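Protein sequences appear in the order of chains S and Y. Per the working numbering, the first sequence starts with residue 1, numbered consecutively. Per the working numbering, the second sequence starts with residue 1, numbered consecutively.
Hints may contain errors.
In silico DSSO-like links for lysine-lysine, alpha-carbon gap of 30 Å or less [unchecked claim]:
#, chain 1, residue 1, chain 2, residue 2
1, S, K41, S, K470
2, S, K355, Y, K489
3, S, K470, S, K68
4, S, K35, S, K355
5, Y, K213, S, K68
6, S, K161, S, K91
Covered stretches of chain Y, as calculated for chain S (at least 3 residues, CB under 8 Å) [said to hold, decoys possible]:
#, segment
7, 24-34
8, 102-112
9, 500-511
10, 533-546
11, 569-575
These are computed hints drawn from the structure, not numbers from a lab. Since the model is a prediction, treat every value here as computed from it, not as a measurement. A virtual CB, placed ideally from N, CA and C, is assigned to each residue, including glycine.
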Amino acid sequence: MQISTLSQSLALRNSINDMRAQFDDLQRQLSTGLKTDSYAKLGTNRNTVLSLTHQLGQLSTYTNTIAKSQMRIEVMSTSLSRVNDIVSETKTSMVTSGFDLVNGSQTGAQVQAAMSFDEMVNLLNLQVEDRYLFGGTETQTRPVALPDEIQNGSGDEAGLKQFIDERAQADLGADGLGRLTLGTAGTTVTLAEDADPSVFGFKIADVQSTLTNANVTGPAGSPAGVDVEFTDVPAAGGKISFELDLPDGTSTTVTLTATTNSPPEEGEFTIGGDAATTSANFQAALDTSLKREANVSLKAASAVEAANNFFDYEAGGVPQRVDGPPFDSATGLRDATADDTVFWYSGDLGPNAGKDFTAQIDDGRQLSYGARADQDSIRDTLKMSALLSAVEYNDAEDAEQRDSYRELTARAGQVLNFEGTQSVESIVTNLGLASATLENTQNRHDATMATANEILGDIQNADPYEVGVKLTTLETQLQASYQVTAMLSQLSLVNFI
Amino acid sequence: MSLSSALGAAMSGLNVAQAGLDVTSRNIANVGTPGYTRKVQQQTNMLAGGEGIGVRREAAQRQVDAFLQQQLRTSSASSAFLNVKSSMLGRIDAGFGTPDSNSSIAGAIGSLSSMLQELIDNPESESSRASFLNEADNLATQLNTTSDTIQEMRLEAERNIAAGVEQANALLKTIANVNNQIASRQAGNLSIGDLQDQRDMAIDELSTLMDVKVVNRDDGTVTVFTSGGQLLLDRTPVELTFDEHTQMDPTSTYENGGAGTIRLVSGSTSIDLIAAGAIRSGTLAGYIEMRDEILPEAQAQLDELAAQLALALSEETVESTDATVGAATGYDIDTAEMVPGNTISLSYTVGGVQQNVTIVRVDDPSVLPLSDTATAATGDTVVGINFNQPMAGIIADLQAALPGDVAVSNTSGSTIRFLDDGAAGNSDINAVSATVTPSALSGGGTGLPLFTDGSNGTVFSNSLDGAGQKTGFASRIKVNAELIADDTKLVAYDTDVPMGDTTRPLDLLARLTTNTRTYAPETGIGGSSTPFNGSIDEFARRIVSFQSSQSANAARDAEAQQVVTSSLQDRFDAETGVNIDDEMSNLLLLQNAYSANARVMTTIQELFTVLMSIGR
Numbered sequence: 001m002q003i004s005t006l007s008q009s010l011a012l013r014n015s016i017n018d019m020r021a022q023f024d025d026l027q028r029q030l031s032t033g034l035k036t037d038s039y040a041k042l043g044t045n046r047n048t049v050l051s052l053t054h055q056l057g058q059l060s061t062y063t064n065t066i067a068k069s070q071m072r073i074e075v076m077s078t079s080l081s082r083v084n085d086i087v088s089e090t091k092t093s094m095v096t097s098g099f100d101l102v103n104g105s106q107t108g109a110q111v112q113a114a115m116s117f118d119e120m121v122n123l124l125n126l127q128v129e130d131r132y133l134f135g136g137t138e139t140q141t142r143p144v145a146l147p148d149e150i151q152n153g154s155g156d157e158a159g160l161k162q163f164i165d166e167r168a169q170a171d172l173g174a175d176g177l178g179r180l181t182l183g184t185a186g187t188t189v190t191l192a193e194d195a196d197p198s199v200f201g202f203k204i205a206d207v208q209s210t211l212t213n214a215n216v217t218g219p220a221g222s223p224a225g226v227d228v229e230f231t232d233v234p235a236a237g238g239k240i241s242f243e244l245d246l247p248d249g250t251s252t253t254v255t256l257t258a259t260t261n262s263p264p265e266e267g268e269f270t271i272g273g274d275a276a277t278t279s280a281n282f283q284a285a286l287d288t289s290l291k292r293e294a295n296v297s298l299k300a301a302s303a304v305e306a307a308n309n310f311f312d313y314e315a316g317g318v319p320q321r322v323d324g325p326p327f328d329s330a331t332g333l334r335d336a337t338a339d340d341t342v343f344w345y346s347g348d349l350g351p352n353a354g355k356d357f358t359a360q361i362d363d364g365r366q367l368s369y370g371a372r373a374d375q376d377s378i379r380d381t382l383k384m385s386a387l388l389s390a391v392e393y394n395d396a397e398d399a400e401q402r403d404s405y406r407e408l409t410a411r412a413g414q415v416l417n418f419e420g421t422q423s424v425e426s427i428v429t430n431l432g433l434a435s436a437t438l439e440n441t442q443n444r445h446d447a448t449m450a451t452a453n454e455i456l457g458d459i460q461n462a463d464p465y466e467v468g469v470k471l472t473t474l475e476t477q478l479q480a481s482y483q484v485t486a487m488l489s490q491l492s493l494v495n496f497i
Numbered sequence: 001m002s003l004s005s006a007l008g009a010a011m012s013g014l015n016v017a018q019a020g021l022d023v024t025s026r027n028i029a030n031v032g033t034p035g036y037t038r039k040v041q042q043q044t045n046m047l048a049g050g051e052g053i054g055v056r057r058e059a060a061q062r063q064v065d066a067f068l069q070q071q072l073r074t075s076s077a078s079s080a081f082l083n084v085k086s087s088m089l090g091r092i093d094a095g096f097g098t099p100d101s102n103s104s105i106a107g108a109i110g111s112l113s114s115m116l117q118e119l120i121d122n123p124e125s126e127s128s129r130a131s132f133l134n135e136a137d138n139l140a141t142q143l144n145t146t147s148d149t150i151q152e153m154r155l156e157a158e159r160n161i162a163a164g165v166e167q168a169n170a171l172l173k174t175i176a177n178v179n180n181q182i183a184s185r186q187a188g189n190l191s192i193g194d195l196q197d198q199r200d201m202a203i204d205e206l207s208t209l210m211d212v213k214v215v216n217r218d219d220g221t222v223t224v225f226t227s228g229g230q231l232l233l234d235r236t237p238v239e240l241t242f243d244e245h246t247q248m249d250p251t252s253t254y255e256n257g258g259a260g261t262i263r264l265v266s267g268s269t270s271i272d273l274i275a276a277g278a279i280r281s282g283t284l285a286g287y288i289e290m291r292d293e294i295l296p297e298a299q300a301q302l303d304e305l306a307a308q309l310a311l312a313l314s315e316e317t318v319e320s321t322d323a324t325v326g327a328a329t330g331y332d333i334d335t336a337e338m339v340p341g342n343t344i345s346l347s348y349t350v351g352g353v354q355q356n357v358t359i360v361r362v363d364d365p366s367v368l369p370l371s372d373t374a375t376a377a378t379g380d381t382v383v384g385i386n387f388n389q390p391m392a393g394i395i396a397d398l399q400a401a402l403p404g405d406v407a408v409s410n411t412s413g414s415t416i417r418f419l420d421d422g423a424a425g426n427s428d429i430n431a432v433s434a435t436v437t438p439s440a441l442s443g444g445g446t447g448l449p450l451f452t453d454g455s456n457g458t459v460f461s462n463s464l465d466g467a468g469q470k471t472g473f474a475s476r477i478k479v480n481a482e483l484i485a486d487d488t489k490l491v492a493y494d495t496d497v498p499m500g501d502t503t504r505p506l507d508l509l510a511r512l513t514t515n516t517r518t519y520a521p522e523t524g525i526g527g528s529s530t531p532f533n534g535s536i537d538e539f540a541r542r543i544v545s546f547q548s549s550q551s552a553n554a555a556r557d558a559e560a561q562q563v564v565t566s567s568l569q570d571r572f573d574a575e576t577g578v579n580i581d582d583e584m585s586n587l588l589l590l591q592n593a594y595s596a597n598a599r600v601m602t603t604i605q606e607l608f609t610v611l612m613s614i615g616r
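Input sequences plus hints: build the corresponding full structure.
Spelled out as structure tokens, the structure:
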């Protein structure tokens, strides 16, 4: 069969063009390092590439989220560890330091509490990447007010010290009897609450008596009262105990023992010659004992309750203030407003404390973590530090002041044991567990990413050696073709005739 | 027998040799001319009264294998057809970018979910909100531009069809002209090889435009038909017309007259060649298939993606409340928030057979009744109800569409009540709920109308009114302008939601990547009985994979067809083309013949001289 000259040269040209195109493609592979430049050319691998690329994108986002969450958890954890240290330091210093007023008005433990309080406010107001960590989802509002504002108020807004002062007035009453009234009718001494209902002062819970010749009735009536009627002189050694509830939920007992000594010791009353004298002596002794108890335990309990009124409020709630003035005759509390009171916490008050932030760390897997300044143990630590540093004394030798201080520190110590609430330490532990979960997830992601990258690389990346070999082969082929072309152009009958 | 007759024979030999030289020289001159076929000088023994008196020159002829030629034409038509598809689909594939750049539409959705995660990490950060909206805008823009590209490609196909039709008309005229010349020359026993070459080239060119059949006639002319049998050229060519459209959008289809059609006009009759399916191959068929099938399908996929994306993020469910009237129990559903396209899902059991009914709000009664395929979900009966009428009318329409044992009533306002038949116990209402697309950015739930239909904030509710809101939505999808004006709404799904709250971003992420949806089977992805079900990003990946594999298949088919066409072309060229060596050896023969004939004449002259000298 004859071959036409035109088709011969066209065929040659086509095959050389083909080779040149292959040459160009190999060159592209060598320079980009990639086998193909389109999904179409990936062949059946395109689905693998699409889903692996998607997976890698997702995993790298999860990795970002995990890194960010880890950083936040680390900062929170460090801060709260320090808060936990403050808890133990405060407890220790309260036990070890006596009632020595180091600066004339406060004990060493109180001065230290003031420093701890400042530090805690700073810790709770920590920011990472322009977001507050301890205010829950309210990340753009400083969660805790400044230490000075909390203590002393700001402008017309009352602070903790004013709360304590007003509450002390309301609990102790104008006469210092703890809002009780004491009166005599014949030989009957009547001790009664001054108003009902009223949330302030002592509440007479019970009365126990071993006094002879005395009829003790009550507590009964409204306002609740106890009548002690002396029918005759009681025998020495007889006792009467009044159990009094205090505003912070604790209680105390005032006990008077009948004695023949005159003047009587503390906690005693002198048996007079007849019932009338005895009742007068009893009333006087009770008055003294109650005033002392008011100055000691009631004062401490009042301060604690004032701090509770200031610090404890939940979603939809506000601090509670003594409904006055006048304060010493007030009977109830009122809602504070943002105009008259410093709100110590402006963060999120919602019910999901500890699960404030949610991170998507894997397909369908979310991790919630967080800690908030209004979580019970954190808030109570701050509250007790603030309370200890707010209260002031003036006489280290004064027994009432010393005892009141003891009552106060005992209560603070009790609160910082975190019985029945999640302790600061447990919050830190939970953060640690979240951090461990993040780390485990990240390790899994790293492994998956490595595998995915490897598979993708196998599909997409051109092997430079393979490409090199192909290039060399193609080069030889091309050279041979050119040579043949040159030879063929000589090989024509035209040249031989 | 005489010297004179010998001289005559030598003369005829010289003539034939000259004519042969002439043909050979033309063959050599045209060695590089495409479409030129080798001509061979034919000669026969010249007889006079039974005696040979020399050699006679016949008309030069060409040697063409007609069967091979027809095969080549069919093959090159289908090559042209596949090349058109391959090159256009290649552009769609190229639009997805390189695999390593992850810049495809699926990549854009992946980036959107990454940005959403960043928003979850830092919901209060202006920059993460802005980045998210920016990514959403990128996605919307990518949908818009891809959609525009597809429509531009359809318009380009339309222009190419117009140009092709014009070219076909010109070629038919050329063929008709050459036909006439050939007829008259053949009648005069003149050489027609070169004219045949010219005609073949025109027919070849016509074959790449459309598949044609050529029938040779005795007088040397040809008749041209489409392979569907329509006569294109007999003695005179017919005229092909094309009403080119200069605007094209997703709503313009061949069926609704939004795209042009090719008509064959012959005298007073006119045939729609596209409707008749007459053009099956060649570039015209390629462009028609792209314009009317492949590209609209790609557009439908983008529209479905855009629609499901918008719906997935914005849809909320309205729960029903229990209703009891006497012994009859059922549910009340509030339809106040329903806009066209929103649905009520009703499940009831009548006579022990459970029925799921999807009630679609329609405001344009012209689209009623709806078929069950109006929703992608399977196993439901679709009922379109015109809500653009007083409540009494809506209730009446609903009751007419439902069995009598399902009692429909209007309690008050826009609340519709579905009750069973009570004591009779033949029917039960199992469940009722409504799916709505609130347009408000807050107060409507944790979803969000992130995307709107067009820039004036029209909510996308997949309304079926008119041509359907989904048609061409990919070219109109935009990020909600209200959201751009106040991006805090990405977080604040209600009043008093703090800026660190992640409820809404987390919900959006689940809607985008976890929640599965059912996609309309008209997209070519998934079948009608088992529609594709998956998350938005999965569907996007499926689109990329579908289109690029379609492109790869087209490229492979085109390549394979090209090989066939090339080998046929090679064979044809080899058989009909000029070979220089061949011609050179032929030239030697002719040279020798010429010299020999001349030598004969010289000899005869010498003989005559001898003869003449006898008498001296």
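Evaluation of the provided hints:
1. S:K41 with S:K470: Judged against 30 Å, a Cα distance of about 18 Å means the pair holds.
2. S:K355 with Y:K489: Since the Cα atoms of K355 of chain S and K489 of chain Y sit roughly 23 Å apart, the hinted pair holds (cutoff 30 Å).
3. S:K470 with S:K68: Violated, because 47 Å separates the two Cα atoms, which is more than 30 Å.
4. S:K35 with S:K355: violated (48 Å)
5. Y:K213 with S:K68: violated (72 Å)
6. S:K161 with S:K91: At roughly 22 Å apart (the allowed maximum being 30 Å), K91 of chain S and K161 of chain S satisfy the hint.
7. 24-34: holds (count 4)
8. 102-112: holds (count 6)
9. 500-511: That given contact holds, which follows from 5 residues of the segment 500-511 of chain Y lying within Cβ reach (below 8 Å) of chain S.
10. 533-546: Answer holds; 4 residues pass the 8 Å Cβ test.
11. 569-575: holds (count 5)
Checked against the numbered hints above, the structure violates hints 3, 4 and 5; every other hint is satisfied.
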